[in-house]
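Asker: Spelled out from the first residue to the last, the chains are:
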Amino acid sequence: MPTPKIDPLLQVETTCGTLLYELQIIWDEVGETDVDRDKMLLELERECLEVYRRKVDQANRCRAQLRQTIADSEAELAAICSAMGERPVHIRQSDQNAGSLKEELSKILPQLEEMKKRKIERRNQFVEVLEQIQKITNEIYGSTESFSSKTVVDETDLSLRKLEELHRQLHELQTEKSDRLKQVQDYLSMLNELCSVMGMDFKQTVDEIHPTLSDPKGFRSISNNTIEQLATLIKKLREVKIQRMQRLQDLATTMLELWHLMDTPIEEQQMFQNVTCNVAASEHEITEPNTLSVDFIKYVEAEVSRLEELKSSKMKELVLKKRLELEEICRKTHLVPDSECAIEDAIVAIESGLVDAATILEQIELQIAKVKEEAFSRKEILEKVEKWLTACDEECWLEEYNRDENRYNAGKGAHLTLKRAEKARALVNKLPGMVEALASKTVAWEKERGVEFLYDGIRLLSMLEEYTILRQEKEQERRRLRDQKKLQGQLIAEQEALYGSKPSPSKPQSVKKGPRYSTGGASNRRVSLGGAMVPAHKPDSLHSAKATPKTRPSKKSDHLNHRQDDGIPAFSAVRRGLDIAETPVRKHSSTPSAVNGKEPESPLLVRKPFSPISSAVSSKANMTNMLEVEDNGDTSHKMLHPSNDLSHTTTPLKTIPLVDEENRTPKAMPIIPSTPSTLSVPMQTAMTPAPSLAPIPFAITKPVEEIEQSFEERRLASLLSKIQMTSS
Amino acid sequence: MTSAHPPPAPGRELSNPPTDGISNLRFSNHSDHLLVSSWDKTVRLYDASADSLRGEFMHGGPVLDCCFHDDSSGFSASADNTVRRIVFSHGKEDILGRHDAPVRCIEYSYAAGQVITGSWDKTLKCWDPRGASGQERTLVGTYPQPERVYSLSLVGNRLVVATAGRQVNVYDLRNMSQPEQRRESSLKYQTRCVRCYPNGTGYALSSVEGRVAMEFFDLSEASQAKKYAFKCHRKSEAGRDIVYPVNAIAFHPVYGTFATGGCDGFVNVWDGNNKKRLYQYSKYPTSIAALSFSRDGRLLAVASSYTFEEGEKPHEPDAIFVRSVNEIEVKPKPK
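Residue numbers (UniProt numbering), protein chains in the order written: chain A, 1 to 728; chain B, 1 to 335.
Hints may contain errors.
In silico DSSO-like cross-links for lysine-lysine, where the CA-CA straight-line distance does not exceed 27 Å [unchecked claim]: (1) 370(A) with 314(A); (2) 182(A) with 236(A); (3) 275(B) with 412(A); (4) 722(A) with 41(B); (5) 226(B) with 423(A); (6) 313(B) with 722(A); (7) 412(A) with 226(B); (8) 419(A) with 226(B); (9) 419(A) with 227(B); (10) 412(A) with 227(B).
In short, the hints are calculated from the structure, not lab data.
Looking at chain A on its own, in the form it has when it is part of the complex (with noise of 0.2 Å):
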């Protein structure tokens, strides 16, 4: 029979029809019993059941376990994302279940499997973080235990929330590190500044508090007991410091006074120039390195010990150099210096070792604050006693010179003495009011301070007594002279009556006043006018012409000996002679035949083109001639326009003065006696038409005024000139 073979229930159940059919076959060859076959039928059938049940049970117990399996997968999902502070992503609604079991299990699986991995690695940043925090801790605290590798992860908490948390924690502690690590460079810089001052040893003294701060690149102890022992550390050093500092400032002031007190010199000082530069200092402002190490201030204490040996030696030097000091002020102010430590008293004193120098220094110091007190409280007085002693003095010349018979003869200076003797004069008249004055000034001072008031160990007021009897015993002896005198002229007249001749009474020599007015400054005035005066007064006026530009009468005598250097020693002895013959010789003044033919370079040739020239410009010429003379003997001369010549000479360069060519020529031919006195033509020319002594003779004589322009009128003439010729 084909049976479909499809479905092998169906095949079980046509196998199991067949094999009952069999069976019933088998029976009936058999023979069973119908009981006995019920009986095995109930067998089967029982037995049948029996598997039925088993399979049952066994299927239950799984669907049981796989529900199971599900619901812890859920429980551990829920679990790990509460852990994580999420939402689950999956809750299984028993009502809404979507599949079977098997699938929702297939579902959850993946799921779970995603929150695991993500689970671990939330749990190691937990982990990383937190092994940063427990190291930083460790550094901060300085706990000595090592940490637990393995750092406990709290596992029911690993949200966003605490990660962020650990994460802020993490910062909190990294910036403490941070600040602690500036704070101990901090330490570091200051105690290597410290050490540095103090000349220690930077390395060794912050090992000893942590071999680490040394190194400084490598990792440093931040932690707290570290800067606590660098702070007091640092405490320590400044403490030392300070003391230091004030040892050598102490050592420093020494060092100055003993400089001061002997003078050291500079060179020495400025040895010490860092020691003493830094007297006034604060602690923070001494920095440089070994100011302030064991061995500089030994240093430093060796040299005050030094000096302090030597201002020992030198202690007398010193007391005589502050007693002469003591001694100097006094004089000055008129002060007697105590007598009891005279100078030889006190050397004498330290010799024989009684006293100790330095006692006296201290004394003699004493005294002379004590008199400069003195003298500043005499001061005004002092200067009272000064006018009246100069008043004084100023009296006695005026008496002397009174006497002098001679006082108003003109001689150098005479001005000045009549000048003094009317000033003295007037001071003399203030005297008795200032002797008063000055009376009343010290007795009040005496009596402010109830001591005389003594000058150069005299009582003044007594001085001032001896003036006033002096002067009214002066009185009198010249009220007496007056009435002497008064008589001596009543004798005289008597006399004149008798005899008729009258004996002069005047002074002898007061005929002489004449020539005192020729020095004034009219006359000087007179002499800058140049050569224009010489016919005026002839012999004087010549000397004074020669010295024209220049008034000082230095200058005078200077020119007149330089001209003799020139070697023309007769010359102006010639030319006085000259002078007086000057009519005639003027006649030829502007013509050329006066010129002497021996002399091819005689400066009138040189002048010739200028003969036309008023005799103004020749005496100008000859003026600054004689100016030459003066500074350079024999360099020729070349000006640069002399603009008065240009309307006659084209080109004003070549005009040369005449003056150097006078100088030459008596240098080529010393001593030949006509050369001068053709010198001396031009010169005479020059005088007579007086350049400019007053207005008038410019307006009358055309030519001096075509003669004179400056450049501009010149340069005016000639654009005119230029225009005319362009317009026309």
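Given chain A, work out where chain B should sit, using these hints.
Answerer: Frame of chain A, contents of chain B only:
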């Protein structure tokens, strides 16, 4: 003929210089403005510190002198015989009056509030610039001089007039009727320039023959004993002295020392009291026509411009240099 002067800077050269000879230049008393008169018939106003030309004022003829009134106006003396007032901001010029000949020099007296002009017509005229225009009202007085006026200088109420014929008249501005003193120059040659000491005790006078005289107003013997003259602006060449005219004198407003400029192109600074030369600036391209210190003495304006001392001839271009003055160059050195 371009200049080839040595490298050491003679000071800053102002751009837009006058195109013909510079007759004078002056600094203002209130600023670093510089007024320049020239033969090119202009007066120019420069801002020396900014090197800018602020104004140019044409005249009828060459301008021989100029001076400031205040920072907004000035005066000029022209060869067309006129005296003009220039208002810088308007570019306006009005004629204060006329002389009978070219006007050689002009000064403004702050003390008298008057303009004083000297002319080749042998007169000095005083003008009141406040008067309405019209000669009748501006002219204060005319004072005859012995000769043509060549140079003027003022200090306080004193006015020194140097004329041709080497005359020097000293006036008191308060009484112009006649000179307080009539003098003759103590130099033997034509006067080029006269300038009063800033302290009012005297004046310096220069001549065409390389010489400067230092004079004092006080006629007492003691004062007159102090006067003296000295030689300057000369050159020794092959044993011969070349003597140059001294065209300009300018006193330093602070130290009282003074600068002289000559046709040799040099500017020298002198200490008159100690009789010393303090400084010589490097040579300028041509003659020094005028000099002026600024109000604080920190700047020195130098006009390097041919002054016609050798007649018509080719010459270096006219230029104005403004140099800053080092204190050391002008401070008196005690002996």
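Asker: Now look at each hint and say whether the structure bears it out.
Answerer: Quick rundown of the hints versus the structure:
no., hint, result
1, 370(A) with 314(A), "holds (25 Å)"
2, 182(A) with 236(A), "holds (21 Å)"
3, 275(B) with 412(A), "holds (26 Å)"
4, 722(A) with 41(B), "holds (16 Å)"
5, 226(B) with 423(A), "holds (24 Å)"
6, 313(B) with 722(A), "holds (14 Å)"
7, 412(A) with 226(B), "holds (17 Å)"
8, 419(A) with 226(B), "holds (20 Å)"
9, 419(A) with 227(B), "holds (23 Å)"
10, 412(A) with 227(B), "holds (20 Å)"
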